[in-house]
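A.B. asks: Given next are the chains, with one letter for each unit.
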Amino acid sequence: MRNKVASYSAAPLIASAEARAPLSWAKRKKRLVRGEKLGASGVIGLTIVCLLLIVSVLARWLPIANPLAQNLHLLDARPSASHWLGTDLVGRDVFSRTIYGCQSAFEGVAIAVGAMLALGIPWGLAAGLFGGVVDEVLMRAADALLSIPPLILAIGVVAAVGPSIVHSMLTVGVISSPGIARLLRSSVLPVRRAQFVLVAQSLGVGRTRIAMRHILPNAMAPVIVQTVAAASQFLIVEAALGFLGLGVAPPAPSWGQDMANAYSFFTANPAATVVPGLAITVGAWSLSAFGEGLRRVLVRE
Amino acid sequence: MARIVLHRLATSIVTVFITTVLVFALRYLFPGGPIQAMLGGSGAGQVTAKQLGAIKARLGLNVPVPDQYWHWLLNALHGNFGTSYYSQQPVMQVLRPRFVPSLELIVGSLGVSIVVGGGIGVLAAIMHHRRLGRAIVLATGLGLSVPDFWLATLAAGFLGLTWRIFPAVGYTPISQGFLSNIHSIILPVLVLSVVVGSILARHVSSAMTAALNSPYIRTAWAMGLPRRKVYLSCALRNAVGPVITFIPLAFAALVGGTVPVEHVFNIPGLGSEILSSVTNEDFPVVQAIVLIVGVIVALLNLGADVAMVAIDPRVRSAISE
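If you read the sequences in order, they're chains A and B. Using my numbering, read the first sequence as starting at 1 and increasing by one per residue. Using my numbering, read the second sequence as starting at 1001 and increasing by one per residue.
These are computed hints drawn from the structure, not numbers from a lab. Among the hints, a few may not be true.
Looking from chain B toward chain A, a few residues come up when the C-beta cut is under 10 Å (computed) [unchecked claim]:
{"no.": "1", "residue": "I1018"}
{"no.": "2", "residue": "L1144"}
{"no.": "3", "residue": "T1279"}
Glycine is no exception: its CB is placed at the ideal position from the N, C-alpha and C atoms.
Only chain B is shown next, with the shape it has when bound in the complex (with noise of 0.2 Å):
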């Protein structure tokens, strides 16, 4: 056990690192480099070549890349991501009142997929052969196809601006009341649950299903078990593996779904920082923001790794083969 999880652990180092060079080398990727992008399209013919050298000693930019990685990399160590070209203050100090919002948006959706898509998951497999079963994979199947910032534009269009049930846009932070916080975000949690809950009752309905077709459910139904104690004690903890494999996966495609749906909604979130500094041309906020993500997700899968070493024997016994 502990050496399955220190091999998991050295492969995640691997990949952080890989992470690292990723996303530093985002700007040596195309044509153009981190001066171009700096001065956009139009200004770069006008600097002349002192100007040019004054900017690399700034930015340090006048010494080899590896050494600017190395730099940036310990820098980064340190919660150091240097300064925003647009606001001229550190990343971290821009990015610090964005994680809550957006953490409240994911934690929340995630939450809410796991239960309702689990469960419709789970009810999926039950009702195979059922019209239920069927109903269930084809709204699934339509729910991964639905684009999630157009979800957000119809739910903040109609019930919002045209009915006004909810806020249409705006974010109440949780100081100012656990209820109004609730209130404000509980369309964009809902929004992005869409797809997400859809990838997971999929994830889990077919988990379940090839546990219901096995012998060991087949012995339980000759005994006479009742059909409670089959589904609910033998079946349900085959739909366990697949919602903790899934949730690095699923933070992965929440942290995109909060780009268009904090934009939308119009919440001070991570998802609308990043948009923002786009916008600005503020490259060091948006690198800071992907390698955060990245180091997030790849903690998660190490994480979900290891639970599942923690809780399943059979991944156990195949791993050390």
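For reference, chain A alone in the conformation it holds in the complex (with noise of 0.2 Å):
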């Protein structure tokens, strides 16, 4: 490869090379600080999803009705002034229970995003930067856990191991895992032939400091794009969990199982199973959006 490139004038490959480069950090941050590029739908996810993170925080300081407190006098209650959006089936609060429900929704999330992470990020380096058998090992193996759906696999693991929110949402982060490597490893291929890496070695310094200061810090951009929108998906995933019955363990509030129970009795308070709901694709819509703005912003088209 090195030699092909010598037999060509240095000019033109400089200025090419410099075209494909990735934007630096400063200007990236600069970017994001004015909203520059974000657009009007980044924007408002952006705001919703701190909102969201925000009232997840402050739910027990919140004036608001324990979402656990049962009243047995009023069960499946329609909405009213003292109970927003109705009451559920052992009359809990619906509405303090949305909002509590964030909490265990942005666990979730985080949980799979960290295993993902965790697990991704190595993955990839190692396939870029390695290349040959270890990169195609690697990204067979990722083939592999890519052909089998997030959801189907964290309950082929609730069946193995027992229900835990824990273990599916692990188990999710993993299987998601190779979608972060492969765009890690296919964004490490040019920076690694870059000529400040190649600077960086013709002045001795180390293979792993090479790796992780100059290479990760300029291929990481893509990744973090990913890692929103996989969010907006882990999201989806953690409700559907519970919907199902195999999430966090009851009574805590949960949008996907409060659904569910709401959905038995549909007819008697419909805002109870359109609520919850609505918040989940709220939450999933404002994490893909900022996603895609972030990604106006990161990545140079």
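Starting from two chains that each stand alone, build the complex the way the hints lay out.
C.D. replies: Here is the structure:
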């Protein structure tokens, strides 16, 4: 490869390398702070995500009903002034449970994102840096993981080791890590051959340091974008597991589980089914809209 | 061409092999192991060492793990996935009647997604700068974020329970009349198509947009070709690639979607079977379903890649380089 390059004149090579070089992080930060290129939907998405995060942290200090308190005199009530979205099958306040549901949703998402990055980043970095047989083996393993739907594998794990939201979301994260690995691998490949890496090598910088300080930061942008997009899907998977009764243990509030409970009394109080689902949709949409905005900010097209 | 296909076939075999190892290893991924899972959390403490040995011998767990895997794999290749813990019947016998309803849902949704989602994607690309194009982008973005199980409860709840337009739950097999069969699956098919159709619309629209911005389309405009000809005979071919590569992906997404959707509409397919098997702690059935799904997706991926090589000379030359 390098011999081939040497036979051409250097000038156009450098020009084209500069054109394809990733944006600097300083420039990306500037764009992000100014809200440049994030777009209207990106800003709205980011705002809603922040709001949901704040609400889920502050839930216990908000002046709302206890999500676990049962009022057995008021079952499946329709929305009223005292219970904005009515009550569920054991008389708990649906509005309060929807607010608290944020917490378990984001906890599930955080577990899956953590697992996905912890596995996906070393995986993609190794495939991109070592190349050859290592690359081939790692990428075939990625294909295999990608051929099983996350929800199905999460159910498989529940069947194998019993219901646990931590195990299921860990599995969902692990099964999504090949996506990150593939992406990182393909963005490591051009950076690995960039001139600043060559310069660092010629200055005698160690291989680990080059990988961690020079290559990884310059290859991370697409991974960050993909992580936000994946978080949006994880939110839905977490809710789906709850909906199927395989999520957090009752009576903890959870959007998916509360929706399943409310659905069995749909005609009595439709709002209790509609609103948790709306919360999931809004959360997932905000994350994906923010992700798309982030793509415009971080990745040069 | 033949060499590319053979190479792709070899990689598929590796992929399927890794899938089988993964599915076999499911029980060993987390602490506890198969016996613990089978006994359930509560009963485990009361089992004597002798009983444990008997259970191990009956399940073939008293041999080394690689031997267990080999034995399991050979059986699975013959369609023998063991015996269901719950019904004590062969797993294949449990699963056989479950394939048709799920396949109907998946194929139906694939069809709807390709026709409607693909059409919307093409429209979004052509109307790129118009209001309609932007509305489509917004709608598909929303479609991607809607949980299918929520849509299912809304559809079954409002259309089935409150307004009684469609049957809220239940499945009528095709043997009891084609029309009533279609009537019973129309809502779940539409619900499943929303998410998958939105994803496809996005893929098709970005491929079409790229094509419409390319020099050969500019040439076509410059030559004065009529609008219909530019769109339909020059640009539309670019929508075929995304549709083909999308099919395996959509299949995987739809299989995931059938679990809650079959649950809500009470359709006796693979999705509701895997769910009830989890509740019954019937591991062999779940394991078989996960394996079958993984292998089908791997085969569809193989088929899609071969089809792309066959129809698109650009892919062919890119691979052989």
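A.B. asks: Now, for every hint given, state plainly whether the structure supports it.
C.D. replies: Here's how the hints hold up against the structure:
1. At about 4 Å, the closest approach between the beta carbon of I1018 of chain B and any beta carbon in chain A falls short of 10 Å, and the interface hint on this residue holds.
2. Annotation: interface hint on L1144 of chain B holds; nearest CB of chain A at approximately 6 Å, less than 10 Å.
3. Interface hint at T1279 of chain B: satisfied, since its Cβ lies 7 Å from the closest Cβ of chain A, which is below the 10 Å cut-off.
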